[in-house]
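Asker: Chains as they are written, first to last, in numbering that gives the first Met the number 0: chain L, 0 to 358; chain X, 0 to 189.
Check each hint, because a few of them may be wrong.
Which residues of chain L face chain X? A partial, calculated answer using Cβ under 10 angstroms [said to hold, decoys possible]:
1. Met-191
2. Arg-348
3. Thr-350
With the C-beta cut set under 7 angstroms, the calculated list includes, among others, these residues of chain X facing chain L [stated by the list, open to error]:
4. His-118
5. Ala-120
6. Gly-157
The set of hints was computed from the structure by calculation and includes no laboratory data. Don't be surprised by glycine CBs; every beta carbon is placed ideally from N, CA and C.
What follows is each chain in one-letter form.
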Amino acid sequence: MNTVDELQGLSAELATSLRPHALAVDAGEVPEIPALDIIRDIATPPDFRTSDLPKCAQLYTETCLARTAANIELSRGDAGVLNICRAPSLAGLAVDALGSAEQQEAFYRVLADERPWTFFGMTEPSVGSDATAMQTRLDKDFRLHGGKRYVANAERGGIGVVFARTGPTPLSIRAVIVRNPSPGYSGRALTMFGLRGAALGEMTFDGIEIPRTCLLGAHLPASRRGLWGAARTFNIMRLQIGAQALGVALAIADYVHQLRPQWKPLMATRLEAARELLLDCAHDVDNNPDDRRAPSIGKLHATHLAVETARWAEAALTPGGLLEHPLLEKWCRDVHAFEFMDGTSNIQRLTIGTGHDDN
Amino acid sequence: MRHTIAECERAGHEHGLSVGLAMALAGAETAQAPGRVAAWPTSGIPSGATVVREERGVSFVRTEAGPADPEIAARLAAVRLGLTRRLAERVVEHLSARKVGGEPTIGKQLVQGALADAHVATEAARRTLTVAGDCPEAVADVHHCLTTVDWELAKLLGASGFVSVDSSGTGAMFEVHLSRLTAHCWIGAA
Ligand SMILES: Cc1cc2nc3c(=O)[nH]c(=O)nc-3n(C[C@H](O)[C@H](O)[C@H](O)COP(=O)(O)OP(=O)(O)OC[C@H]3O[C@@H](n4cnc5c(N)ncnc54)[C@H](O)[C@@H]3O)c2cc1C
C-alpha cells in the first residue's frame, strides 16, 4: 500500500465520524467533532501542525493528488459536516501562495491559538465569475471599503483573505488578511439551499483599517502579487471541489445500493471511473501547477455526475421515497452546491475549450 | 384534457406551485398517491392527516400507497411546465442586469445556448402531454425532463439561486427542489 492509499484509508475512517452529524449540521447545528480537529491538522502545512499525525497525512498539503484522494473519502462521510471544519482552506492556500514567511507564520499562529473558521472573500453581489470587475477597494490609507457575498464563514469566520482593488487594472487587485471582529467589519449569514455546513454569508467593509503587514504579495513580482498569483491555488481547490462532489455521489450510491442492491449497477462503475479521472487530473496538476485544463475537466465531470447520481437515486426509490429518507434528500440538495464553487460549469467549459489549441 | 393541461400550466406560471397543485389535484384524494407520502396544498390538507413536512404552501402527508394515476401526474407536469417557464423568465431578467467582461451576461453564447435548449425542451414537453398525457411512461419522462431543465436554468442564476438573502430574495433552488419533491410523490415507481 502506498502513502496515498493509506491517506485514503485514514480519510475513510475519519469519515465514519462525520456521517452521524449530517442531518444536525443540515439543520443548522455546529457540533464539536474530534475527527474534525484531526482533519484540520491534516489540512495544515506540516510546520504549523499542532499534533503528531501518521506519515501519510504529511502528503495532504504537499500534493494535489493526496488532497483530492482524501477529500473524496471525507465527503463520502458527509460534505456538509466536512465544511464546518475550522481548516485553513482556500484562505490558507492563498496565504501559502501570496504570503511572505512572516505573514504565513502570523496567519497560522492565529489558527493554532484561536481555532477560528477562515473565509476567502472574492465574490460580490454583482460580480462573481468575472472577478476582475470587483468593486471592493483598498484605499491609499489602507482602509477597506465595499462588501462580499456568498462567502463561506462570512459571519462566524475569525480570519481570512479578502481581494480588493487598489487601482483600475486587473493587476491592481490585491489580497489582504482581514480579522473579524474589526471595527468596520460586519458579517451576516444567508439561508442556504444545501451544503449548509459551509455557512455562506455576506460581509461589509466600512473603512476597515488594514495593517500594512496584512497586504499579501509585496515580496512577489508585480504580475504575481494578486489574482494571477493565486491562480495555482484555484487549480488545486477546483479539484478539491470536484472531489467533494464525487464523495457525495459515492455516499448516495452506497445508500441506494443498501436499499436496492441490484439497482442499475452501471452508476458504481461511472463513479469509480470519475475517481480515476480526478486522480489523474490531480497528478497532472502536481506535475504542472499552471495547467488550467486538467482541474477544469475533473471538476466539470464530477459536479455533473454528482447531480446525475442524485437523479438516479431518486428513480430507485418508491414514489415519495425522498421524504422518507432525509439523508438522501439532503445529499440530493448538497450535490448542487459544487456547481458554483471555484468556477461554474460554463467557466470550466470556456477554460477547457479555449485551451484546446495548446495540446 | 388539452384544455385542462393548458389551465394547469397557466396556474403554475401565474400563481406558483401551491395553487397549481390544488388545480392538478381537484377532486382527488391523498390515497390516490402511488407511494406512502402525498404532496398536498397546505390550504386544503384533510383533517387528521399526518404532515411529514411543510414548505411554501405544500404539505407532505402520510397516506396508504394506491395505484398511480397518470392523469394527476400529467396535470402536475403541466403545472411544473408553467413553473419552468417562470424560472426561465427570472433567469433572463437576472442575467440582463449582470455583466461579465464588460458585456451583458445574457449575451454570452453558452448562456443563450442553455436558454434555447430549455425553451425547446419545454415546448416538446408540452406536446408530449398533449399527445400522451394518459401514458404513464411518457408523463414520467416529462417530469424527469423538467427536473433536468430546471437545474440547467437554476445554474444560470449563479449563487443567487442557491441562497435566500432575505424573505424577498428566495433562491430559485428552494422552489425547483420543492417542485421535484412534489412530482416524486405523484409519479409511479420506475
Ligand atoms: C456553496 C457555495 C460556496 C461558495 N463559497 C465562496 C467563497 O467562500 N468565497 C467566494 O468569494 N465565493 C464563494 N461562492 C460564490 C461563487 O464563487 C460564485 O457563485 C461563482 O463565482 C459564480 O458567480 P455568480 O454566482 O455571481 O454567478 P455569475 O458570474 O453571475 O454567473 C451567472 C451565470 O452566468 C454564467 N456565466 C458567467 N460568465 C459567463 C461567460 N463568460 N460565458 C458563459 N456563461 C457565463 C455562469 O456560468 C452562471 O451560470 C460560493 C458559492 C456557493 C454556492
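Asker: Next step is simple, just say for each hint if it's right about the structure.
Answerer: Okay, the hints, checked on the actual structure:
1. The closest approach between the C-beta of L/Met-191 and any C-beta of chain X is roughly 5 angstroms, which is under the 10 angstroms cut-off, so the hint is satisfied.
2. At its closest, the beta carbon of L/Arg-348 sits 6 angstroms from a beta carbon of chain X; the interface hint therefore holds under the 10 angstroms criterion.
3. Annotation: interface hint on L/Thr-350 violated; nearest CB of chain X at approximately 12 angstroms, more than 10 angstroms.
4. The beta carbon of X/His-118 is not positioned within 7 angstroms of any beta carbon in chain L (closest approach about 18 angstroms), and the interface hint is therefore violated.
5. Below 7 angstroms, beta-carbon pairs count as interface contacts, and X/Ala-120 has none with chain L, the closest being about 15 angstroms; its hint is therefore violated.
6. Because the smallest distance between the Cβ of X/Gly-157 and any Cβ of chain L comes to about 5 angstroms, under 7 angstroms, the interface hint for this residue holds.
The structure shown violates the earlier hints numbered 3, 4 and 5.
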